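Sequence lines, in order, name chains D and B. Mapping of the first sequence onto the numbering used here: position 48 corresponds to residue 96, and the numbering continues sequentially without gaps. Mapping of the second sequence onto the numbering used here: position 172 corresponds to residue 241, and the numbering continues sequentially without gaps.
Hints are computed from structural coordinates only; laboratory data are not their basis. Quick caveat: nothing in here was measured; it's all calculated off a predicted structure.
Stretches of chain D that chain B covers, calculated by requiring three or more beta carbons in the stretch to come under 8 Å of a beta carbon on chain B: (1) 210-218; (2) 230-240.
Here are the computed distance ranges between Cβ atoms for each label pair: (3) B/Ala200 - D/Leu107: 54 to 60 Å; (4) D/Ala199 - B/Gln267: 52 to 58 Å; (5) B/Gly143 - D/Arg137: 15 to 21 Å; (6) D/Ala204 - B/Gly246: 47 to 53 Å; (7) B/Asn112 - D/Leu303: 56 to 62 Å; (8) D/Leu318 - B/Thr209: 37 to 43 Å; (9) D/Ile288 - B/Gly181: 24 to 30 Å; (10) D/Trp206 - B/Gly181: 22 to 28 Å; (11) D/Val155 - B/Gly239: 45 to 51 Å; (12) D/Gln330 - B/Gln203: 24 to 30 Å.
Every residue, glycine too, gets a C-beta built ideally from N, C-alpha and C.
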Amino acid sequence: MGGTELLQFGLAGLKNGSIYALVALGFTLVYAATGAINFAQGEFYMLGGMLSVWAYADLGLPLPLAAVTGVAATAVLGGVFELAAIRPRKDGDPLAIIIITVGGSMVLSSMARHLFGPTERPLPAFSGGGSVKVFGASLEVQSVWILGMTALAVAALWYLYNRTGLGRAMRACAVNRDAARIVGVDTRLMVTVSFVLAATLGALAGLAVTPLTQTVFDVGPSVGIKGFAAAILGGLGNPIAAVVGGLVLGMLESLSIAFISSTYKDAIALIVLLSVLFLRPQGILGRWRREKV
Amino acid sequence: MSSETDTMLAIEGLHAGYGRVEVLRGIDLRVGVGEVVTLIGGNGAGKSTLLKAVIGLIPPSAGRVRFLGEDITGIQPERAVKAGLVMVPEGRMLFGPMTVRENLELGAHSRGKTDLTEDYERVFELFPVLADRQDQSASTLSGGEQQMLAVGRALMARPRLLLLDEPSLGLAPKLIGEIFAALDRLRSEGHTILLVEQDARLALRHSDRGYVMRTGGIALAGSADDLLADDDVRLIYLGTWHGGEETT
Numbered sequence: 049m050g051g052t053e054l055l056q057f058g059l060a061g062l063k064n065g066s067i068y069a070l071v072a073l074g075f076t077l078v079y080a081a082t083g084a085i086n087f088a089q090g091e092f093y094m095l096g097g098m099l100s101v102w103a104y105a106d107l108g109l110p111l112p113l114a115a116v117t118g119v120a121a122t123a124v125l126g127g128v129f130e131l132a133a134i135r136p137r138k139d140g141d142p143l144a145i146i147i148i149t150v151g152g153s154m155v156l157s158s159m160a161r162h163l164f165g166p167t168e169r170p171l172p173a174f175s176g177g178g179s180v181k182v183f184g185a186s187l188e189v190q191s192v193w194i195l196g197m198t199a200l201a202v203a204a205l206w207y208l209y210n211r212t213g214l215g216r217a218m219r220a221c222a223v224n225r226d227a228a229r230i231v232g233v234d235t236r237l238m239v240t241v242s243f244v245l246a247a248t249l250g251a252l253a254g255l256a257v258t259p260l261t262q263t264v265f266d267v268g269p270s271v272g273i274k275g276f277a278a279a280i281l282g283g284l285g286n287p288i289a290a291v292v293g294g295l296v297l298g299m300l301e302s303l304s305i306a307f308i309s310s311t312y313k314d315a316i317a318l319i320v321l322l323s324v325l326f327l328r329p330q331g332i333l334g335r336w337r338r339e340k341v
Numbered sequence: 070m071s072s073e074t075d076t077m078l079a080i081e082g083l084h085a086g087y088g089r090v091e092v093l094r095g096i097d098l099r100v101g102v103g104e105v106v107t108l109i110g111g112n113g114a115g116k117s118t119l120l121k122a123v124i125g126l127i128p129p130s131a132g133r134v135r136f137l138g139e140d141i142t143g144i145q146p147e148r149a150v151k152a153g154l155v156m157v158p159e160g161r162m163l164f165g166p167m168t169v170r171e172n173l174e175l176g177a178h179s180r181g182k183t184d185l186t187e188d189y190e191r192v193f194e195l196f197p198v199l200a201d202r203q204d205q206s207a208s209t210l211s212g213g214e215q216q217m218l219a220v221g222r223a224l225m226a227r228p229r230l231l232l233l234d235e236p237s238l239g240l241a242p243k244l245i246g247e248i249f250a251a252l253d254r255l256r257s258e259g260h261t262i263l264l265v266e267q268d269a270r271l272a273l274r275h276s277d278r279g280y281v282m283r284t285g286g287i288a289l290a291g292s293a294d295d296l297l298a299d300d301d302v303r304l305i306y307l308g309t310w311h312g313g314e315e316t317t
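Required output: the full structure, derived from the provided sequences and hints.
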């Protein structure tokens, strides 16, 4: 296999990996705030694409506006989902929250099927369907969008987390919820914020991918599993680890296609997930330090 | 004398516990403005539970808590801080992976966006070592420094009533001395403090009044001097029987 071919696979891995990274970030943010896994995360990915298609094709909005509408509507839905389904569970028991999100995931995909139909729906590429040459390998222009949007989203999230009072409060909440409460952090608000952010990131991923793959009501769970595997691979609860986990998983998938067979591509995420859980449950970068000092 | 001062905190017939286990069984307690009041008592007497019930980490099942005349029974902790009830919790509960400065910033979270320069200066004056450690993560501090940070974080909220849970726990005597010297300064500046301590003698020496808790109730109350002289208190909590003979 030549260098150009390898680069081709590498670029594909980077593209898929950045999608997994966005979805993994969603898992990690909700985990940091609640200690629970949000199994509706994949549905936010589906809704991001689906609502953008709806705004573009059904409402007739211009593409940029439709994209913003799709992501914003998903973000709002993420918040509503938290307020309506998670917050009423007052004790915040993570196991109960996990089960609520599994149910929520089914509700969201059934509603999408009901409202938008059972067939795949397309969205045009953001800036034409061409591709660019990178050292001989070709990369769809849409993939450049995917990489750029991921980079921007990660940078924005980094800024929010490390440079704002809200981010500081979110991190405090992740370290120790009671400690956050006694300094005056409204931890329930932080949970809502984490769902809104998780929905936004998932929606961005779904939106960015739809021009390449189309979207349909049931794309959520498979991407959800990969994002979850990526979050576990990196180390749950740590945003940087989620990004690393996503990129590593994307690369592993690509390499498996290059050197084994594309048949096993989707199994890679599960193999990675199980291996990490057996061999290094805290993930590559270790767990967000939760110990009390 | 103390009953003539204005009341900061008044607790009447407070019951609270964890699940079905009732730990507090009818607590009556009062803290006047500017007073330092100590709660002493053995392990499991309910001292920490009382502090948690006051700021709302545990919902009380009966009774009332009034703060500056206002009924705050069952308040949420995040609202308690805004009202001026600030706790330095048992075990400190710092934000370990975050820096000393971030911990202090979070201490002022309830005050919203304000200039904190003066507050930092105040904390660093009280605990100079924290100034040198600003960019270190809290988990890298020694036990004594962590306790200082916990007190400093609470001060950042500009408390009206400071609730201190076992500030001496696990510290070397020299550090305990430093912490209590700082508390004495706060006291002399007119801060109101409700202090929970295992080391009854130490605590009473730095307090105006004290309450002795036993199995979820108040067994005895009085001025710090009276409690230090009380035979029962001496026997049970101070470990000495005759005056002057001091074991530790």
